[in-house]
Amino acid sequence: MSDAPAKSRNLKSSIEMGVVALLVVVFMVVSLFAQFIVQDAGRHFHFTWGADPRKSIGIIIAAGLTLVMYSFLYRDNAFFKVAENLYVGVALGYTMIMACWRQALRPDVYETLFYAPTAAAFWNAALHRAMPILLGILLITRLSRKYGWLSRYSYAIMVGWGAGVTIPLTVNSFLFQQLYASVAPFQDAVAPHAAMTAFSGAWFMNIGLPVLGAVVVMVGTVAVLFYFFFSIEHKGAGGAVSWLGILFLMVAFGASFGYTVMGRISLLIGRINFLLNDWLRIST
Amino acid sequence: MSESSAASRGMTIARWVIYALVALTVVLPYFVVFPTLKYKVSPESAKLFDKVNSLKPGAHVMIAFDYDPASSAELDPMGRAILLHCFKKGLIPVVMTHWSSGLDNDRKILAETAARAQEDMKRQEPFVSGRDYVFLGFRPGYSNLVLNMGENLKGSFDKDFYGQPTAAMSALQGVSQLKDLDLVIDLAAGASVEVWIAFGSDRFHFPLGVGSVAVQAPNIYPYLQSGQVCGLLGGLRGAADYEQLVDANGAAMRSMWSQSLAHVLIIGLILFANARMLLARYRRTGKATG
Chain A
1 MSDAPAKSRN LKSSIEMGVV ALLVVVFMVV SLFAQFIVQD AGRHFHFTWG ADPRKSIGII
61 IAAGLTLVMY SFLYRDNAFF KVAENLYVGV ALGYTMIMAC WRQALRPDVY ETLFYAPTAA
121 AFWNAALHRA MPILLGILLI TRLSRKYGWL SRYSYAIMVG WGAGVTIPLT VNSFLFQQLY
181 ASVAPFQDAV APHAAMTAFS GAWFMNIGLP VLGAVVVMVG TVAVLFYFFF SIEHKGAGGA
241 VSWLGILFLM VAFGASFGYT VMGRISLLIG RINFLLNDWL RIST
Chain B
1 MSESSAASRG MTIARWVIYA LVALTVVLPY FVVFPTLKYK VSPESAKLFD KVNSLKPGAH
61 VMIAFDYDPA SSAELDPMGR AILLHCFKKG LIPVVMTHWS SGLDNDRKIL AETAARAQED
121 MKRQEPFVSG RDYVFLGFRP GYSNLVLNMG ENLKGSFDKD FYGQPTAAMS ALQGVSQLKD
181 LDLVIDLAAG ASVEVWIAFG SDRFHFPLGV GSVAVQAPNI YPYLQSGQVC GLLGGLRGAA
241 DYEQLVDANG AAMRSMWSQS LAHVLIIGLI LFANARMLLA RYRRTGKATG
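Chain order of the listed sequences is A and B. Once you know that position 13 of the first sequence is 13 in this note's numbering, the rest is easy, because the numbers rise by one and skip nothing. Once you know that position 141 of the second sequence is 141 in this note's numbering, the rest is easy, because the numbers rise by one and skip nothing.
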């Protein structure tokens with residue numbers, strides 16, 4: 001009696017394994033036909049490597065990995081785990097080689113120092129690069145318990161320099177410029193030329209609507225900030241402002257959700273495009 | 001216990017039904033011929049197009065492909081459409097990236113679009129790297145790189161992706177700093193827009209346009225309103241807008257039926273789920289009072 005669930009699980013597992021094996025065979029056959037089998041004028045099928053067999057093999061691997069990724073929709077499985085780890089590994093390896101070696105260390109350090117055309121060029125390069133190289137090496141000491149403290153010099157420079165450069169620029173761009181944009185419509189509304197054309201069609205479009213927008217932004221900002229202000233109980237007038245804040249938040253979340261749905265569907269479309277056009281070669 | 005198990009089973013089936021319906025709506029337009037989908041180009045997309053269109057031949061447009069293949073479904077069509085526009089108008093695209101993992105994809109897009117522009121324009125001569133366009137490639141540094149380019153662009157990229165020195169490159173004549181560029185467009189999948197704004201356009205004063213993945217597009221609107229960004233392409237729809245404006249008939253325009261049908265389905269599912277929830281609540285309250 002107690003063996004029944006175990007038997008049921010075994011049966012389910014066997015069926016799943018069988019289906020997976022069948023799907024792999026179907027995938028290989030379809031890939032072979034789509035990428036390497038062509039039909040001639042006499043309606044005979046021929047095997048051909050094509051113009052670029054490496055590209056075809058790459059497409060088959062990419063299609064297989066795409067389908068394996070979508071297998072997660074059924075449930076988490078070993079193939080998905082392999083593909084997931086492969087993705088992370090390849091991305092990391094590619095980035096290490098491209099970003100660290102080919103685009104940074106090789107041209108800026110290795111080639112400049114070890115392939116310097118003249119002694120003067122070597123000393124010039126060494127002089128300019130000595131400090132960055134030293135600071136970079138000090139960062140690696142982080143791996144050692146004994147000498148890890150040396151990395152603090154590099155971090156101190158990075159944090160100090162970073163804060164010094166970043167704070168004024170980001171405060172200007174994301175605070176002052178935004179504040180100015182929020183009050184600019186009011187400034188335009190009280191300008192002398194605005195009074196001359198007050199309540200005309202052009203005034204409504206150029207002054208009235210932006211002022212209305214600025215008022216909505218201002219009310220929304222205050223209401224949302226008040227919603228997160230917990231020092232006062234949200235009752236009565238405070239409750240109304242807080243409720244308005246929730247409304248603004250919901251509108252913002254809705255817009256964000258709408259764009260997110262569009263983005264996720266776009267990714268699916270991208271994969272379907274790849275599977276139909278590149279893998280199956282169904283011209284659409 | 002059995003009721004909860006049945007509910008869970010019901011949810012699982014509903015999940016698979018939703019997957020199947022979404023897949024169906026996306027795949028259907030590839031096999032069924034629908035009438036051409038006409039839609040109005042959004043004002044923020046039109047702004048970017050107008051900005052590029054207002055440039056004179058020989059003007060330099062830097063396009064930062066700040067994404068990797070994971071976002072190529074949305075941003076590749078934008079990159080292709082903008083590059084095609086640049087080539088057809090005689091502008092000089094200067095392409096770079098902050099994302100090393102997208103390098104090969106960027107190179108491919110640039111080469112393919114140059115070939116397509118040559119074909120569309122029935123031009124005998126191919127577009128040549130270093131003369132008609134520049135592919136600077138990748139350099140590490142992110143915000144520091146933008147600051148460096150603001151001071152000395154050719155010093156930041158002393159060679160292009162193909163190893164040609166940039167100092168004497170004819171395509172970069174008259175360009176030594178970021179402010180010498182006529183327009184910079186950031187195709188962004190991450191936080192690079194904020195970097196370009198704070199460390200680039202606000203600091204060195206050059207016009208900045210943005211093409212963004214849909215997920216982060218709502219975050220860009222405040223910069224559009226404040227004038228820190230001169231135009232915005234948001235997601236695949238933004239790419240389709242630009243393709244329509246340059247008459248490119250690219251992947252984004254062809255995908256609009258799939259996108260629209262999927263949106264209708266999701267709206268329908270949201271309404272259905274809410275109606276079901278309200279009905280269940282009504283039944284519960286009915287039982288409690290009755």
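Just so you know, these hints were derived from the structure itself, not from any lab. From the three backbone atoms N, C-alpha and C, an ideal C-beta is built for every residue, glycine too. Don't take every hint at face value.
Only some residues are given here: those of chain B computed to face chain A with a beta carbon under 10 Å [what the hints assert, rightly or not]:
| # | residue |
| --- | --- |
| 1 | Tyr19 |
| 2 | Ala70 |
| 3 | Trp99 |
| 4 | Leu103 |
| 5 | Gln216 |
| 6 | Asn249 |
| 7 | Ala252 |
Hint check:
The beta carbon of Tyr19(B) comes within 5 Å of a beta carbon in chain A, closer than 10 Å, and the hint placing it at the interface holds. Look at Ala70(B): its Cβ gets to within about 8 Å of chain A, closer than 10 Å, so that hint holds up. Because the closest C-beta pair between Trp99(B) and chain A is about 9 Å apart, less than 10 Å, the hint holds. Satisfaction of the interface hint for Leu103(B) is found here, the shortest Cβ-Cβ separation to chain A being roughly 6 Å, below the 10 Å cut-off.
A cut of 10 Å between beta carbons decides the hint on Gln216(B): the least distance to chain A is about 8 Å, and the hint holds. For Asn249(B), the interface hint is violated, since its Cβ never comes within 10 Å of a Cβ in chain A; the closest pair sits about 13 Å apart. A cut of 10 Å between beta carbons decides the hint on Ala252(B): the least distance to chain A is about 9 Å, and the hint holds.
Taken one by one, the earlier hints fail for this structure only at number 6.
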